[in-house]
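J.: This is what each chain is made of:
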Amino acid sequence: MTRLKTLAACVAALAVSSPAFGQPGATGNAEVGSQKVQMCQGCHGIPGWRTAYPEVYRVPKIAGQHQAYLVKALQEYKSGARTHPSMRAIASSLSDSDMANIAAYYAQLGLRVAQ
Amino acid sequence: MRAWLLGVAAIAVLGANAACAADLEAAKKKVSEVCQACHGMDGNSQVPDYPKLAGQNQDYLAKALRDYKSGARKDPTMTGFAATLTPQDIDNLAAYFSSQPAVLQSRM
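Heads up: the sequence lines are chains A and B, in that order. For the first sequence, the numbering used here assigns the number 1 to the initial residue and increments by one for each residue that follows. For the second sequence, the numbering used here assigns the number 1001 to the initial residue and increments by one for each residue that follows.
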């Protein structure tokens, strides 16, 4: 009986905590996105980092950027509308919900740092 | 003779610097005419679909404008605007927006 109560408490806790993770998909889930940014950090996490190829310029700052714009940029890299080789390779591995989650993560990250 | 040559060289260098330097006042005028409707006068766009430009890296902004102008990057709105910009306009605008205070961070 105690075990059953514990189980019920766990189920209830799970049900309550789930909305805190937000909705996946279009709205994006920053928590989930934060698990996916390892491949972004090598360039976008280093202040003043420069691209090595195909043109030398500093990679854009993305923390605090609008979520909708970040999703659009990733979609354009995936479709080939934008052509940066590294970004094309990375974006082609992302699903729509990956993009929404990563964009949600970076959008809120800048706001959190700025406050 | 040597002093004279040095003087000429110094004037040439100073003149070249002045010619290359970004003109922020000219940029401000351009921004008020063209950019601000979407990106805001200070580059802190309030519209989710349009990127914040304030505080962005200067050379990235210049590259984006050059790419729109050349057609390497395509956007129905930006292609039209970038086509009208001279290389000096692009340098001015990139310097202007990168110098505006922003929430954009380069560290995660």
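Since the hints were made in silico from the structure, they are not lab data. Take these hints with a grain of salt, some might be off.
[Said to hold, decoys possible] Derived DSS-like pairs: lysine-lysine, alpha-carbon spacing no greater than 25 Å straight-line:
no., chain 1, residue 1, chain 2, residue 2
1, B, Lys-1030, B, Lys-1069
2, A, Lys-78, B, Lys-1069
3, B, Lys-1029, B, Lys-1069
4, A, Lys-72, B, Lys-1074
5, A, Lys-36, A, Lys-78
6, B, Lys-1069, B, Lys-1028
7, B, Lys-1030, B, Lys-1074
8, A, Lys-72, B, Lys-1069
9, A, Lys-78, B, Lys-1028
[Said to hold, decoys possible] In silico negatives: residues of chain A with every beta carbon more than 10 Å from chain B:
no., residue
10, Ile-62
11, Lys-78
12, Ile-90
The beta-carbon is built from N, C-alpha and C at its ideal position, and this holds for glycine as well.
J.: Now tell me if each hint is right for this structure.
T.: So, going through the hints one by one against the coordinates:
Distance hint between B/Lys-1030 and B/Lys-1069 is fulfilled; the C-alpha atoms sit about 16 Å from each other, no more than 25 Å. For a cut-off of 25 Å, the pair hint linking A/Lys-78 to B/Lys-1069 stands: about 22 Å separates their Cα positions. Our distance criterion of 25 Å between C-alpha atoms is met by B/Lys-1029 and B/Lys-1069, whose separation comes to about 20 Å. At most 25 Å may separate the alpha-carbon atoms for a hinted pair to count; A/Lys-72 and B/Lys-1074 meet this at roughly 12 Å.
Our distance criterion of 25 Å between C-alpha atoms is met by A/Lys-36 and A/Lys-78, whose separation comes to about 16 Å. Straight-line distance between C-alpha atoms of B/Lys-1069 and B/Lys-1028 comes to about 20 Å, which keeps the hinted pair within the 25 Å bound. Simply put, B/Lys-1030 and B/Lys-1074 have alpha-carbon atoms about 21 Å apart, close enough for the 25 Å limit, and the pair holds. Taking the CA atoms of A/Lys-72 and B/Lys-1069, the gap is about 20 Å. The hint holds against a cut of 25 Å.
Between A/Lys-78 and B/Lys-1028 the CA atoms are separated by roughly 34 Å; this puts the pair beyond 25 Å, and the hint is violated. Against the 10 Å criterion, A/Ile-62 falls within the reach of chain B, whose nearest CB is about 8 Å from its own CB. Non-interface status of A/Lys-78 relative to chain B is upheld: no Cβ of that chain comes within 10 Å, the nearest being about 15 Å off. No Cβ of chain B approaches the Cβ of A/Ile-90 within 10 Å, the least distance being about 16 Å, so the stated non-interface status holds.
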